[in-house]
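Chains as they are written, first to last, in the working numbering: chain F, 1 to 203; chain X, 1 to 115; chain E, 1 to 308; chain L, 1 to 435; chain H, 1 to 101.
These aren't lab readings, by the way, just hints derived from the structure by calculation. Don't take every hint at face value.
A few chain F residues facing chain L, derived, Cβ under 8 Å [said to hold, decoys possible]: (1) Met81; (2) Asn82; (3) Asn87; (4) Pro88; (5) Met89.
Heads up, the beta-carbon is just placed ideally off N, CA and C, and yes, glycines get one too.
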Amino acid sequence: MTPSLGTHIAFGVLAAFAVLTGWRVFCTDSMVRASFFLLLSFIAVGAIMILLTAEYLGVAMFCMMAVEMMVMALFMVMFMMNPAGLNPMKMVHQERVAIVVGVIAFVVLSAVAVLSEFPDAPLPAEHVPTISLGRELLGDSMLVFETAGVVLLTTMVGVVVLSSRRGRYGCADDGSMPPGLEPGGEPAGQPSEEEGEHTHHHH
Amino acid sequence: MALLTLTTVLMATLGLGWLLQWLPARGQPKPTYPQRAPFLGGGSPDTHAWNRYHIRYYPMTLLLIAFEMEMMFMYPWAVVFVEKGAMAVMEMGMFLAILSVGIVYAWREGVFRWQ
Amino acid sequence: MILDQLILPWLLAWLMVGLGAYLVAVLDRLLATGSARDGSVWLAPLASAAWLMTQQATTTEAPDAPAWRLAPALYLALAATGLALVPWSPTLVGVDLATSLVLWGSLEALATVVIFLHGWSANAHLALIGAYRYVALGLSYLLISMFVLIGVALPAESLRLTEVVAAQTSLWHVVSQPLGLPLFLMVGLGLTFWGPLDLADSTDLSGGTAVERSGPPRLVWALARAAMLVAFSAIAATAFLGGWLGPWLPGPAWLLIKSLAVLVALLWLGRRLPRFAPERCVTLMWVVLLPLSFIDLIWAGAVALWMA
Amino acid sequence: MAVSWQRRLAAHAPAAVFLAEGARIGPLRETLALSPGIRLVDTPRHASVLLVAGDIPTGWRDDLRRVHDQLPAPFASVWCCCEPFEALHDPIRIDTLEALPQGVAETHRELMLGKRDSAPRLQPDEPPNPWEGLGDDGHGGEGMMGGTPYGRPMAMNMQDDLRDGLTLDTLTFRLGPFHSGLPPGLQAEISLQGDLVQAWTVTRKPFASVVEPIFHAARQAPVPIAELELSRARHHLRRLYRGLLVAGWPRLAERTLSLTGQLSPNSDITALRRSLERGGLWRLALPEPGRGVLDEAQVRELGGPAVRAAGIDEDLRSHDAHYRRLGFAPTCRDAGDTAARWRQWLDEIEQSLWLAGQAARHDLKTAETDAVETPRGPWTDAFPHDMSDLLGQVLPGLEWGEAMLTLASLDVSALDLHPLEEPWQRSTGDREGRA
Amino acid sequence: MTLTTLLILAAALIGIGLYGALSQQSFVMLMMGLELMLNGVMLAAVAFWAFSGTGAPEGQLLTIVVMAVMAIEMALGFALVVAVFRAKQADMTEALSELKQ
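Using the sequences plus the hints, can you model the full thing?
If you want it as structure tokens, here you go:
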């Protein structure tokens with residue numbers, strides 16, 4: 001595959017966009033906005049994948065990440081006191097270390113990319129990525145496919161057990177049903193004395 | 001090329017939509033503060049509307065992520081379905097079984113009822 | 001090359017957005033009772049649009065400014081992108097992507113994000129409730145849409161819309177996969193939050209996500225919503241009604257007729273039903289419609305193997 | 001000034017009207033809904049004309065001022081039987097009902113064509129709290145949650161309010177008195193927890209509701225039962241209309257409303273009932289059974305259809321000899337919840353039409369004058385008084401949409417003991433449907 | 001667009017993600033860092049597939065598996081946050097480490 005000039009330009013723009021939005025994620029006050037910046041970064045990377053002719057992966061990335069980041073934004077709203085960043089805030093710790101580690105990681109990885117020799121074996125011309133992926137999934141890598149299915153089922157069950165209150169694994173938090181409504185009334189959360197038992201269910 | 005076309009359509013329409021909003025708004029007076037207060041039928045709010053919001057359907061959203069990932073495996077499968085015949089059918093059986101178990105379990109646990 | 005690959009899809013999409021939105025406004029009024037009340041049916045949408053263009057655009061006290069300005073335009077852009085995917089004839093295709101079916105799915109997912117942003121950015125109580133409520137619906141119909149679209153991809157052995165149409169030469173999917181189109185219509189109502197699934201801009205929230213909108217942005221939002229309805233109709237006509245296929249008339253004409261049929265069906269449904277309660281809407285999607293879409297997929301698979 | 005083609009075209013658009021309902025105006029909203037060239041909207045942002053109808057008492061005028069300032073320019077306000085704000089130099093007053101729809105539409109046209117300037121803003125252009133240049137970054141905020149960023153404090157709970165296992169914040173605001181989903185005049189302080197109503201306190205009582213003049217006449221002298229029952233059916237149909245609008249079914253709402261115009265003893269609402277059932281109003285749209293239940297003490301105090309929806313056959317008509325002669329027996333539902341109250345309307349409309357038919361045949365008049373069952377409730381020596389505090393007991397725990405639909409099913413305002421004066425009187429009764 | 005530039009881009013994304021994952025106090029923001037790192041990993045996988053894998057489908061497979069890992073990480077991560085939050089009303093990583101003691 002020999003990319004044309006247009007592809008090079010497109011890649012440059014998308015790469016800059018991906019890095020910029022990726023960086024904005026961590027310096028935006030509004031948490032919701034941060035999740036959608038991350039979505040933009042993912043979309044840029046997805047577009048680069050399409051440029052690399054991995055069309056299905058790129059488009060799947062749009063689809064998957066739109067949903068994931070939507071959920072991410074919802075959880076931001078659920079957990080953050082200041083989800084819209086009306087007051088600027090910086091909730092970071094060990095920032096120096098983190099910056100240094102981040103830069104080191106970047107430098108080392110880029111050095112590897114620049115210095116090492118990779119075999120130059122581009123895609124065959126008549127390659128159809130989606131079909132080959134499908135054949136692979138139903139052929140040699142059947143096991144991966146099956147495993148993924150089972151793991152995802154486990155995830156579903158795990159998610160339900162962990163996040164749903166009426167879990168069958170006991171009344172993990174009986175007290176929370178139904179949510180209390182009187183302001184300042186009896187808290188509906190987990191009473192503290194049952195805490196040990198409660199966490200036991202989840203770990 | 002297809003990507004370029006898509007991007008053009010997307011950006012051009014985005015620009016059009018933005019222009020449609022921006023052009024007529026140029027000469028207009030800036031809304032005053034009372035005008036900008038959220039509409040509550042004459043009532044007034046104490047605070048900003050953005051707050052920590054209890055999204056009661058959150059278990060459903062987590063379930064959806066797992067589900068959707070599973071769907072991502074299905075698209076390539078659909079392409080070779082007819083070609084692979086019986087094996088693909090078996091695959092589909094397993095896939096749907098997994099999903100059904102997931103749904104039935106989640107339903108039983110009341111995930112789709114908002115809490 | 002630039003002309004037919006860049007400009008043409010773009011113009012086609014815009015033409016459909018403009019004409020389609022106008023048509024939606026007219027048809028919806030015709031379907032409503034007492035439609036002749038407000039003067040000419042044909043002039044009224046234009047007059048209302050002109051009125052909105054002269055109106056002052058409000059803002060709120062501390063909106064999320066970029067999202068506040070971009071959300072209506074983004075929704076419009078998504079609709080136009082969807083329209084660009086539609087094949088008009090074997091040769092006249094806006095964007096002939098090998099994965100156009102998946103891309104349509106991601107447009108649906110992105111639409112949820114945009115509609116959420118529309119309500120979120122206002123920083124207003126009623127708009128926020130509308131936004132959160134819509135996300136519950138938007139995330140629920142997504143799976144159904146994926147299932148029925150995978151169903152139409154099976155016989156075509158491709159995710160390309162042109163090949164999906166080509167696979168319907170002998171029999172349209174609306175016949176061979178009878179559950180597909182009705183399920184997909186529900187998705188359409190959800191995607192455009194129309195009629196019974198209008199959870200975003202609902203009347204109990206005095207207009208939901210659009211409660212604080214006035215003037216040109218409100219016009220763009222309405223335009224985008226109508227355009228999305230048109231885009232959805234065109235995709236549904238392509239996936240289930242054989243797209244450009246048909247005797248006597250040229251392909252694009254057939255597609256127009258079929259899209260119109262889907263559009264009318266959607267608008268009619270929108271007028272026939274009350275707005276569903278959000279919670280039951282989610283349960284309905286997951287517990288009733290999703291299993292139905294499983295059946296649709298099994299059926300589609302069986303038919304595809306049998307026909308092959 | 002030359003008028004652009006755009007504005008000339010805009011003048012053809014229907015006038016988008018935000019209606020602020022004052023006291024003692026009768027079914028004006030319903031009349032306007034059937035008028036040509038007018039479109040009623042739910043938020044001032046979507047309107048070009050603010051129509052203030054009926055008396056707005058002093059305590060309510062600040063709220064009205066707030067709504068007035070929320071309309072986007074160009075806009076104008078039309079005042080019907082209400083004293084305009086003094087700050088408006090050129091208020092439009094229309095005090096006859098016949099001229100109202102025309103006048104409102106004309107106002108919109110004049111605005112568009114530039115013949116009339118947009119109304120001035122009444123409130124000073126000041127943020128609710130000073131913020132510019134204050135606080136940490138000059139945006140008014142302090143620390144993480146403090147201060148008044150952009151003019152308002154941030155929503156947060158001072159006390160640690162843990163519910164559902166999560167820390168949940170409540171959002172408190174006042175809704176009304178000019179919100180179309182609330183009874184006119186009602187303002188409530190609402191605390192929302194997510195989309196659940198956590199607390200509902202009435203801060204302004206709704207204006208007394210008026211019934212058609214014939215019910216007042218029935219307290220003076222016997223009146224024809226047929227007419228009385230048709231009035232009752234019309235009243236319930238109008239309630240149903242408002243409810244259906246909240247339920248997001250405008251097409252059927254309009255159909256319901258158009259029934260009021262041509263109501264006769266031969267009218268039939270089976271088709272309407274069938275559409276409601278087939279569309280899935282009860283299955284999919286209204287709150288589930290068991291939501292919005294009132295207990296016996298509450299319904300007894302409330303009176304009217306709500307009592308009978310709870311299975312108590314309390315109806316003054318059964319004490320009336322002539323009604324008994326017609327074979328009247330109260331129709332009841334058992335559940336006493338929101339859905340039952342919606343069904344009760346339909347039942348009572350059907351019963352009223354049937355009674356009207358019977359009574360017309362026998363040409364019967366009412367026998368009692370000191371005990372009249374109005375659509376709002378029984379009117380003897382006592383009469384239905386304001387029950388809006390009841391909402392604080394019914395609505396908490398409901399989701400927002402459910403709360404709105406429950407609200408639509410309840411008649412909590414007091415009964416106005418005086419019949420309407422001109423011009424409103426003519427809006428009620430059978431002349432309403434002329435449009 | 002060469003393999004090297006693609007890998008540098010991937011490295012940049014991983015670097016930013018690592019910074020985020022290490023520095024953010026809030027659990028949800030920490031997850032954003034992880035997601036961004038996985039974003040870089042996926043890009044690198046696709047780049048290898050396109051430039052030096054002779055079109056072997058394993059490259060694509062790897063990407064899709066990473067995507068699945070991401071989804072699982074997110075779903076389970078959030079579920080855990082909810083569960084922990086219920087127990088402790090804590091959504092900060094520091095509070096979480098206290099919980100272990």
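(request) Compare the structure with the hints numbered earlier in the document and write down the numbers of the violated ones, lowest to highest. (result) Hints that this structure does not satisfy do not exist here, as all of them hold.
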